[in-house]
Amino acid sequence: MQRIFHTPEGVRDIYSRECSQKHQLQDRIRKVFQGYGYEEIETPTFEYFEVFSREVGTVPSRDLYKFFDREGNTLVLRPDFTPSVSRACATYFSPEKEVVTLSYTGQTFVNSSSYQGRLKETTQMGVERIGDDSPEADAELLAMTVECLLASGLREFQVSVGQVDYFKSLLGEAELDEEAEERLRELIAEKNYFGVEELVEGQNLNQDLSAALQQIPHLFGSREVLDRARSLTDNPMAVQAVERLEKIYEIMKIYGYEKYISFDFGMVSKIQYYTGIIFQAYTYGTGEPLVKGGRYNNLLKHFGTPAASIGFVIVVDSLLTALSRQKIETFQEEEPYVLTYTEDMLEEAVVKAQRLRKEGRRVALRKVKEGC
Amino acid sequence: MRYLTIALTKGRLAQETLDIFEKIGVTCEEIRDKDSRKLIFVNEELKLKFFLAKGPDVPTYVEYGAADIGITGKDTILEEGRKLYEVMDLGFGACRMCVCGPESARELLHNNQLIRVATKYPNIAKDYFYNKKHQTVEIIKLNGSIELAPIVGLSEVIVDIVETGSTLKENGLKVLEEVCPLSARMIVNQVSMKMEDERIRKLIGDLRNVIKG
Chain X
1 MQRIFHTPEG
11 VRDIYSRECS
21 QKHQLQDRIR
31 KVFQGYGYEE
41 IETPTFEYFE
51 VFSREVGTVP
61 SRDLYKFFDR
71 EGNTLVLRPD
81 FTPSVSRACA
91 TYFSPEKEVV
101 TLSYTGQTFV
111 NSSSYQGRLK
121 ETTQMGVERI
131 GDDSPEADAE
141 LLAMTVECLL
151 ASGLREFQVS
161 VGQVDYFKSL
171 LGEAELDEEA
181 EERLRELIAE
191 KNYFGVEELV
201 EGQNLNQDLS
211 AALQQIPHLF
221 GSREVLDRAR
231 SLTDNPMAVQ
241 AVERLEKIYE
251 IMKIYGYEKY
261 ISFDFGMVSK
271 IQYYTGIIFQ
281 AYTYGTGEPL
291 VKGGRYNNLL
301 KHFGTPAASI
311 GFVIVVDSLL
321 TALSRQKIET
331 FQEEEPYVLT
341 YTEDMLEEAV
351 VKAQRLRKEG
361 RRVALRKVKE
371 GC
Chain R
373 MRYLTIALTK
383 GRLAQETLDI
393 FEKIGVTCEE
403 IRDKDSRKLI
413 FVNEELKLKF
423 FLAKGPDVPT
433 YVEYGAADIG
443 ITGKDTILEE
453 GRKLYEVMDL
463 GFGACRMCVC
473 GPESARELLH
483 NNQLIRVATK
493 YPNIAKDYFY
503 NKKHQTVEII
513 KLNGSIELAP
523 IVGLSEVIVD
533 IVETGSTLKE
543 NGLKVLEEVC
553 PLSARMIVNQ
563 VSMKMEDERI
573 RKLIGDLRNV
583 IKG
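Residue numbers (the working numbering), protein chains in the order written: chain X, 1 to 372; chain R, 373 to 585.
To be clear, the hints were calculated from the coordinates, so they are not data collected in a lab. Each residue gets a CB set at the ideal place from its N, CA and C atoms; glycine is no exception. One or more hints might be untrue.
DSBU-like, lysine-lysine: derived pairs with alpha carbons at most 30 Å apart [as the list claims (entries may be wrong)]:
hint, chain 1, residue 1, chain 2, residue 2
1, R, 546, X, 168
2, X, 66, R, 513
3, R, 546, R, 498
4, X, 66, R, 504
5, R, 410, X, 120
6, R, 410, R, 421
7, R, 546, X, 120
Calculated from the model, a selection of chain R residues having no Cβ within reach of chain X, i.e. all distances over 12 Å [what the hints assert, rightly or not]:
hint, residue
8, 407
9, 487
10, 536
11, 561
12, 577
Work out the full structure: start from the sequences and follow the hints.
Structural data, given as structure tokens:
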């Protein structure tokens with residue numbers, strides 16, 4: 001029989017220095033979560049398919065790891081924590097009476113075969129704030145995102161904040177046919193300015209609305225983007241969306257983290273359940289966002305308890321990669337003290353090791369053969 | 373300032389891209405030197421790095437952020453289906469993705485029967501037949517000289533890029549249906565777009581003025 005020594009594609013062993021760094025990183029992030037008073041929660045690694053179904057709007061069904069239990073129910077390896085935590089929250093807490101704040105750490109599994117070179121199992125750490133629709137809640141999560149990244153040792157990064165309602169409301173006003181709407185959404189997601197221009201000009205829209213839609217892919221950058229976004233439209237829902245971001249920005253100033261925040265009205269996410277602000281954090285050295293989050297006011301309805309909520313996850317593996325590519329070394333490397341002993345010195349060695357361990361030292365016992 | 377890295381598609385597309393870059397004042401003489409064995413070419417003044425890659429690899433480099441910007445054909449972007457920003461149609465390298473075959477194969481495309489399709493672009497072919505035409509087909513992936521397939525009876529039709537159509541004509545084949553128009557596109561890594569917003573936006577704006585002008 002051929003013996004197998006390597007792991008399947010998309011999963012891997014983490015050991016030695018990297019493993020210790022990963023755990024230190026997780027400890028730092030957990031401290032931030034705890035500092036904000038978030039309670040920890042664990043949910044199962046696999047759940048019924050219904051928790052991650054199409055109506056919920058998480059990772060597409062074809063990218064899930066699915067299997068069956070004895071009764072023939074379809075089970076799914078968790079691809080995303082938010083639906084699991086929402087389900088648990090709807091079952092055990094009463095978010096309609098009191099705000100629930102939860103944090104978690106664990107593995108997620110996404111089976112995307114076309115993305116060679118991407119991990120299929122990743123460690124994520126995140127928080128959910130359930131039953132709170134205030135801009136203060138939005139700001140708190142953004143502040144936590146910034147703080148987690150700072151705690152990791154990262155210095156140059158950006159948290160880009162979008163607002164799905166802005167685009168949605170303009171789209172509603174435009175009343176495009178389904179195909180054009182889908183195409184426009186795609187072009188905006190691709191930031192294909194000229195494609196958007198062409199498409200919008202081809203539609204019979206009033207001038208203001210047409211100009212506003214054409215501006216959406218350009219609407220990203222620092223605080224002044226909000227003023228531009230507001231000047232483009234009178235649509236009450238769109239204006240409200242901008243005002244919300246202004247309010248959030250003001251609160252970020254109180255935290256003192258406003259310099260990490262930028263805005264992007266063209267941001268769209270593959271995740272369908274987002275309803276208000278969405279945000280992602282980026283840095284150099286990794287082509288993917290490190291943090292993904294947003295407001296999902298309709299998700300808990302699926303689990304029987306409607307509640308406005310917001311959350312984010314940090315992709316720990318990506319963050320670790322970014323830190324190592326940027327050569328940021330803030331982790332402590334304390335080598336254990338190696339205590340060698342020979343057969344007849346066993347008792348002294350164990351006593352000494354135990355004493356040192358009680359003092360908090362790392363002690364490794366190694367027996368040496370006599371005469372060596 | 374950081375270097376911005378630009379991945380170009382080896383061959384004619386790279387030449388045309390460099391021509392248009394020259395018009396906006398972005399030059400890289402080294403890369404034009406055919407005898408050079410270098411893999412990376414640098415413009416120190418503008419802090420730009422260039423490298424040449426095979427077409428289908430360009431979206432990969434850009435998706436993972438190994439290159440911030442890439443210039444490649446729409447065909448490879450569609451085929452690779454990667455997560456990136458496709459910011460601009462550069463206009464050159466225009467051609468069409470078509471279903472081709474002998475005239476006798478035309479009717480096979482109308483009555484939903486199972487046919488064999490040879491192509492270098494299995495994803496594009498699959499998407500066209502399954503999602504647009506709702507026809508079940510068997511796809512045969514080939515790596516070159518696709519026109520050969522219907523002639524020797526490996527497949528009924530092919531899905532391939534058509535420029536002038538002269539190769540098809542010489543071999544008794546015809547364009548039966550057009551899948552989509554193609555041309556060179558500029559693609560940008562999603563993180564780079566945020567982190568290097570100003571420089572990339574300026575580059576896009578400049579290029580656009582040249583193309584429209």
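Comparing the hints with the structure gives:
no. : hint               : result
1   : 546(R) with 168(X) : violated (44 Å)
2   : 66(X) with 513(R)  : holds (29 Å)
3   : 546(R) with 498(R) : holds (20 Å)
4   : 66(X) with 504(R)  : holds (29 Å)
5   : 410(R) with 120(X) : violated (35 Å)
6   : 410(R) with 421(R) : holds (12 Å)
7   : 546(R) with 120(X) : violated (44 Å)
8   : 407                : holds (33 Å)
9   : 487                : holds (25 Å)
10  : 536                : holds (26 Å)
11  : 561                : violated (5 Å)
12  : 577                : violated (9 Å)
Against the hints set out earlier in the document, violations occur for numbers 1, 5, 7, 11 and 12.
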